[in-house]
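Asker: Take these sequences, add in the hints, and give me the full structure.
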Amino acid sequence: MADADPERARASARSILREYGVSAPPVPVERIIKSRKIVLQYAPLDEDLSGMAYIKDGVGIIGVNALHHPNRQRFSAAHELAHHMLHASEISQAVHVDKGIRVLFRDDVSALGTEPMEIEANAFASELLIPGDLLAAALEGGGVDLEDEAAIEALARRFRVSPAAMRFRLTRW
Amino acid sequence: MAGEALYKSFGSAVSTRRKALGLTQAELAGKVKMSRASIANIESGRQNILLHHVYALAAALDFTKVAELLPPMPQKPLGEGLKMMLSNQALSKQTLSQHAEAQVADLITTALQPRRGKA
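Chains A and B, in that order, are what the protein sequence lines are.
The first sequence begins at 199 in the working numbering and counts up one residue at a time.
The second sequence begins at 61 in the working numbering and counts up one residue at a time.
Don't take each hint at face value.
As the list claims (entries may be wrong) - Example chain A residues on the side facing chain B (calculated, C-beta under 7 Å, incomplete): (1) Glu217; (2) Gln239; (3) Tyr240; (4) Glu316; (5) Glu347.
Said to hold, decoys possible - Rough simulated footprint, nothing fancy, chain A against chain B, three-plus residues with beta-carbon under 8 Å: (6) 83-94; (7) 141-147.
Stated by the list, open to error - When the alpha-carbon atoms are kept at most 20 Å apart in a straight line, the in silico PhoX-like pairs for lysine-lysine are as follows: (8) Lys125/B / Lys91/B; (9) Lys254/A / Lys232/A; (10) Lys79/B / Lys125/B; (11) Lys79/B / Lys93/B; (12) Lys143/B / Lys254/A; (13) Lys232/A / Lys125/B.
Hints in this document: simulated from the structure, not taken from any laboratory.
Quick reminder that beta carbons are idealized off the backbone N, C-alpha and C, glycines included.
Answerer: Written out as structure tokens, the structure reads:
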């Protein structure tokens with residue numbers, strides 16, 4: 199696939215939020231997935247596997263590692279939903295297994311064929327679970343100190359995401 | 061799955077989830093009224109475990125279903141080789157272990173099961 203288009207990914211997440219009329223956190227990612235007729239399956243997987251996406255004979259499947267913290271599972275589920283929304287043809291040809299979900303530095307990206315999909319899926323998941331307008335409302339017009347762990351954790355709890363996911367979002371404000 | 065592998069797999073699931081929730085072995089032991097040594101033995105797969113302990117552990121580890129903690133049942137294979145593609149593969153130069161591949165195949169089989177029944 200071509201270069202990553204995170205803006206297209208974020209726009210897709212925003213259109214889902216509008217479709218479901220989400221007006222307060224936490225975003226009901228499980229309900230959104232199920233209402234799109236995608237089978238959401240939790241199962242114990244190796245620690246470094248976060249989830250998978252696959253379309254088998256027209257049936258969409260999202261698998262999430264049941265052993266991870268529930269807030270991390272929500273991010274994995276949203277990340278896999280992104281693959282269904284944005285990369286349906288790729289995940290129809292082979293099972294896409296996400297080994298960890300990591301943020302990549304610019305230098306890593308250029309060398310890799312599959313990374314654009316990951317960049318887009320992270321942008322989508324981040325926007326879906328922490329919508330810009332709801333985050334602005336939660337910040338009440340102020341900001342948050344990235345070093346203030348208690349503040350980040352409180353914010354993460356409201357959105358039911360991990361503090362790491364909240365940090366990722368705040369640095370891409 | 062053979063007995064020994066089953067207890068090892070169960071133990072590693074308990075350990076992974078406990079760490080994900082930020083609990084120590086002692087804290088988990090307190091919640092399920094077992095000794096810390098028992099938790100350590102269960103996590104390393106050295107201790108057989110009673111059914112009511114499985115339920116207590118699942119509840120203490122915040123699972124909604126006991127099944128989310130358990131290794132999958134032996135399934136009929138999907139009938140074809142599944143092609144699996146790993147994210148970040150080029151970066152890590154790693155491939156999926158046979159064990160992990162089996163976990164993913166089982167997950168897909170389980171996800172497809174009710175639909176197959178209807179077909």
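Asker: With chain B as the partner, please determine if Tyr240/A meets the hint condition of a C-beta pair closer than 7 Å.
Answerer: With Cβ-Cβ at 5 Å, under 7 Å, it holds.
Asker: Compare the distance between the alpha carbons of Lys143/B and Lys254/A with 20 Å, and conclude whether the hinted pair is satisfied.
Answerer: Holds. Lys143/B to Lys254/A sits at ~11 Å (cutoff 20 Å).
Asker: Starting from Lys79/B, check that the Cα of Lys93/B is at most 20 Å away, please.
Answerer: The given pair, whose Cα atoms are some 19 Å apart, holds under the 20 Å limit.
Asker: Just to be careful: measuring from the Cβ of Glu347/A to every Cβ in chain B, is the smallest value less than 7 Å?
Answerer: Violated, about 14 Å.
Asker: Taking 8 Å as the C-beta cutoff, is the stated coverage of the region 83-94 of chain B by chain A satisfied by three or more residues?
Answerer: violated (count 0)
Asker: If you draw a straight line from the CA of Lys254/A to the CA of Lys232/A, is it 20 Å or shorter?
Answerer: Holds. Lys254/A to Lys232/A sits at ~16 Å (cutoff 20 Å).
Asker: Measure nothing beyond the straight line between the CA atoms of Lys79/B and Lys125/B; if it is 20 Å or shorter, mark the hint as holding.
Answerer: holds (19 Å)
Asker: Interface hint check: Glu217/A, Cβ to nearest Cβ on chain B, cutoff 7 Å. Holds or violated?
Answerer: violated (24 Å)
Asker: Keeping to a limit of 20 Å between CA atoms, is the pair of Lys125/B and Lys91/B held or broken?
Answerer: holds (18 Å)
Asker: Checking hints one by one. Is Gln239/A an interface residue toward chain B, by the C-beta closer than 7 Å rule?
Answerer: Holds. Min distance 4 Å.
Asker: If you count the residues of the region 141-147 of chain B with a beta-carbon closer than 8 Å to a beta-carbon of chain A, do you get 3 or more?
Answerer: Holds, because 6 residues of the region 141-147 of chain B bring their Cβ atoms closer than 8 Å to Cβ atoms of chain A.
Asker: Take the C-alpha atoms of Lys232/A and Lys125/B, compute the straight-line distance between them, and say whether it is at most 20 Å.
Answerer: Distance of about 18 Å is within 20 Å: holds.
In summary, the numbered hints that this structure violates are 1, 5, 6.
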